[in-house]
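Participant: Please work from the sequences and hints to get the whole structure.
2 protein chains.
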Amino acid sequence: MSATTPDGRLGRVAVVGAGLAGSLLAVLLGRRGFAVDVFERRGDPRAGGEAEGRSINLGISARGIRALRAVGLWDGMAPSLVPMRGRVIHQPGAPLRFQPYGTRPEEILHSIRRNELNAVLVDRAEKEPAVRFHFGWRGSELDRDGGRLTLTKPGTGERRTVEADLIIGADGAFSEVRQLMHRGLPVNYRQDFLDWGYRELTIRSNPDGSARTPIEALHVWPSRRGLVVAHPNTDNSLTCTVLLPHHDDPQRPDQPSFDSLTTEAAVASFFATEFGDLPELVPDLADQYFAHPVSQLVTIRTAPWHHRDRVVLVGDACHAIYPFYGQGMNSAFEDCLVLDDCLARYGVSETALATYQQSRKPHTDVLADLATDNFIELRDRVRNPLHMLRAQADLALHRLAPQLWQPLYRMVSHTAIPYADALRRAQRQDRLLTWGAAAATVGTALVARAAWRRRRG
Amino acid sequence: MSATTPDGRLGRVAVVGAGLAGSLLAVLLGRRGFAVDVFERRGDPRAGGEAEGRSINLGISARGIRALRAVGLWDGMAPSLVPMRGRVIHQPGAPLRFQPYGTRPEEILHSIRRNELNAVLVDRAEKEPAVRFHFGWRGSELDRDGGRLTLTKPGTGERRTVEADLIIGADGAFSEVRQLMHRGLPVNYRQDFLDWGYRELTIRSNPDGSARTPIEALHVWPSRRGLVVAHPNTDNSLTCTVLLPHHDDPQRPDQPSFDSLTTEAAVASFFATEFGDLPELVPDLADQYFAHPVSQLVTIRTAPWHHRDRVVLVGDACHAIYPFYGQGMNSAFEDCLVLDDCLARYGVSETALATYQQSRKPHTDVLADLATDNFIELRDRVRNPLHMLRAQADLALHRLAPQLWQPLYRMVSHTAIPYADALRRAQRQDRLLTWGAAAATVGTALVARAAWRRRRG
Ligand SMILES: Cc1cc2nc3c(=O)[nH]c(=O)nc-3n(C[C@H](O)[C@H](O)[C@H](O)COP(=O)(O)OP(=O)(O)OC[C@H]3O[C@@H](n4cnc5c(N)ncnc54)[C@H](O)[C@@H]3O)c2cc1C
Ligand SMILES: Cc1cc2nc3c(=O)[nH]c(=O)nc-3n(C[C@H](O)[C@H](O)[C@H](O)COP(=O)(O)OP(=O)(O)OC[C@H]3O[C@@H](n4cnc5c(N)ncnc54)[C@H](O)[C@@H]3O)c2cc1C
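Sequence lines, in order, name chains A and B. The first sequence begins at 206 in our numbering and counts up by one. The second sequence begins at 206 in our numbering and counts up by one.
Where hints are given, some of them may not hold.
[As the list claims (entries may be wrong)] Each pair of labels, with its calculated beta carbon distance range:
1) B/His452 with A/Thr357: 33 to 39 angstroms
2) A/Arg550 with B/Thr577: 33 to 39 angstroms
3) B/Arg629 with A/Pro488: 22 to 28 angstroms
4) A/Arg654 with B/Asp459: 22 to 28 angstroms
5) B/Phe340 with A/Asp249: 50 to 56 angstroms
6) B/Arg353 with A/Ser500: 27 to 33 angstroms
[Unchecked claim] One side of the interface only, derived from the structure: several residues of chain B facing chain A at Cβ under 8 angstroms:
7) Arg395
8) Gln501
9) Thr639
To be clear, the hints were calculated from the coordinates, so they are not data collected in a lab. Think of the CB as a built atom: it goes at the ideal place given N, C-alpha and C, for glycine as much as any other residue.
Facilitator: Set out below in structure tokens:
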């Protein structure tokens, strides 16, 4: 019923992009009874092969788990996952420090290979009788009012045009559907490239198959001049993301960049001074470093997310963010649940798409800011004792009053509290803590004064 | 010397756009000895004819005057100008209120027809022997590394390609040079369309040629539900800009929009309630209203402003702003002076273009924010007595200590203090005023307490 158009036909949906959001959406909409065609520029993820510049593995947290559960997938997935129970901080000359993520056993993240997750989702989607995947087809023209999408087969000149009641752009940060949908219209759009980029490195397992460093954690090598983060894999290897500025800054001659680290010697000496044990963990560090490309990180903000009742965007296509909160896929999955729900409630209509945007955009806007801030947090603050104290106070208060006091990180990663609500609540807690500190100070002063008066009087 | 390339040739510059910035730049660079070709999509402004959606007249203030003086133009221009000595505020049922712009006779703005100013600049530029204008040619392809620009003649299929040492995009807010220069590169870019747009109306002069309302002022009709601003013309007419939301907002059913004001009756009744004397001043208001198109307002922020040593942007092409501070052209002219200066100092080089961007962008970024804030100021605050009091305090303090205390509006409009410096200074003054008020409060409390003690004691 919900999958029919106003005139009673079965609704036809064309999804562009069979990435994480596109393939989850295919499951959801197929299950609702829509006829779903998914067009993906690349090959079938089940054929293997990693795509460059999209990170090899990802951290999945409460929101993502909730979405996978909704399509009956999470429970069988344990073999593909490595639990991450907290952060392990590596600092030159210091022992490893472990910071647990939460206070309860279920408050952990899980690391998974992007490709494996993508394959599981495509498999699941194909179980829906009305879902069909078309790999090797690129969405390249759009009649946004008429609901016609033209696809081309790269390299062959082949083209085809399909008609659909709803066209969904799930085609990632550089979405062509977004560009075609917005062309010539007075839309708001913002892209911010981070002046830092990243290269991937692998910490292999030991010859006996064991892990070289505690495996059930996210590893962080913070430093004033760079940042390395590593996610574990099920084969006991870890994939590192090395973050550095793209270019030299004449104002900071001591800050190396991908531009300036061009010799093996320079790479070796930089990693040895900044990232302590990393050169031991990656013996062929310089080889790997030069073998991998430098990738860009981008934040995309835009509005509107839909065109009338015809075209709509999900995931990175409408809100790509920096990866520093590990929430890109998690929030893309939330989009899918909400869009599915709006289509169920209102059918394929402008109301459905507008309601979807209204329910999601305020939250993904906040998330974009949080992800930007967390870059500073990961790089600078995890080393800072004052900040650590503050984080511990947060956790202690949460232990005392788990319902009343929730650290921001917990709300973002271990609950489904909408991002903007989580931020508001954290800001309220911050104010309380400041007042508390002020009250404590004043209280101490009063006591001191009374004591002094008593002595004098 | 400065106009030669490193190998000693005379530098060739191609300017795309013979608008206000492009034609001023042609004067400056022609005078420096560059061979300058200017390509303009439209016809020669000296042939007359107004372009839609670009406002018929503009307010020129200190920065613009300074630039025109630099090319020997300002002094002969009085016949084209109407001085605006302050704002005249129109409110329903209230007498006209006059707010002077400054404390000194030279602290005024001047209204000028955009087309007339453009014609004067093109005329002046053609006096430079090495400057040539090519009207009816659109910049449409760019080899950004090779310095080759392809032009097409709209409607004819004619094309030509020119080579230049430097290609300058002076092609306005929707700059094609910017898009071609940035294509595929990791650039920062942001466009924000205001959800309010505008339509133009004319207040004609009386049959005897006199003005219907005081002519030497900027007129403002503030209202909670709309905003009208009018600039005077030398023929005693005024051109009004009527600002309203584009679309209806379900949350504010009492707020009309361009979408909803679709009948003569609705227009007449809305203007009569909100804008007091305007219907009398424009007897054919509804006819004019429906005859003119609705235009969009956009803010553009981007970086970088240049590509290596080959391509660079000026004016609206790199920093279009909302018109609410009357500084778009004024700041575009400042760009031209700075770019000319950097080219003189460093020749056509990456250093010259990077220095230009570094000297300008922090200031035009601040200006974009100020222009956004001034929308609220014009619409809501000019009616607010508390705000008026604050503005008067500002002006009074400035009269007392003209060097020490300068209202922000004065620094922006009547000086050439860089915008970001002006904002910093205004923020410092704001803090001083707050402390002053706090000190006064504490002082009063102390005096009161002393008095009370004396009575008691
Ligand atoms: C380094 C890094 C680390 C990250 N870590 C995490 C993490 O720990 N946790 C987390 O939640 N998120 C993380 N993310 C974010 C996460 O990867 C994205 O948010 C997520 O992939 C978005 O899913 P998507 O389906 O919207 O886009 P994508 O996964 O990018 O999928 C888009 C798909 O569309 C296809 N496509 C593109 N254009 C076309 C076209 N014209 N026609 C047909 N197909 C097309 C692409 O080939 C691709 O398959 C990370 C990102 C990066 C870069
Ligand atoms: C309603 C309104 C009121 C305003 N009021 C004021 C004010 O009071 N004071 C003030 O200082 N500013 C004001 N402005 C701003 C001011 O108009 C702009 O800042 C100024 O015009 C910018 O000059 P420019 O030369 O950069 O761009 P434009 O003046 O827009 O000139 C760009 C030129 O490039 C041409 N062009 C475009 N594309 C191509 C191409 N591909 N090939 C060749 N040519 C091309 C266009 O035809 C145009 O002639 C106002 C703006 C508006 C919209």
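Participant: Under the constraints set out in the numbered hints, which ones does this structure not fulfil?
Facilitator: 3, 4 and 9
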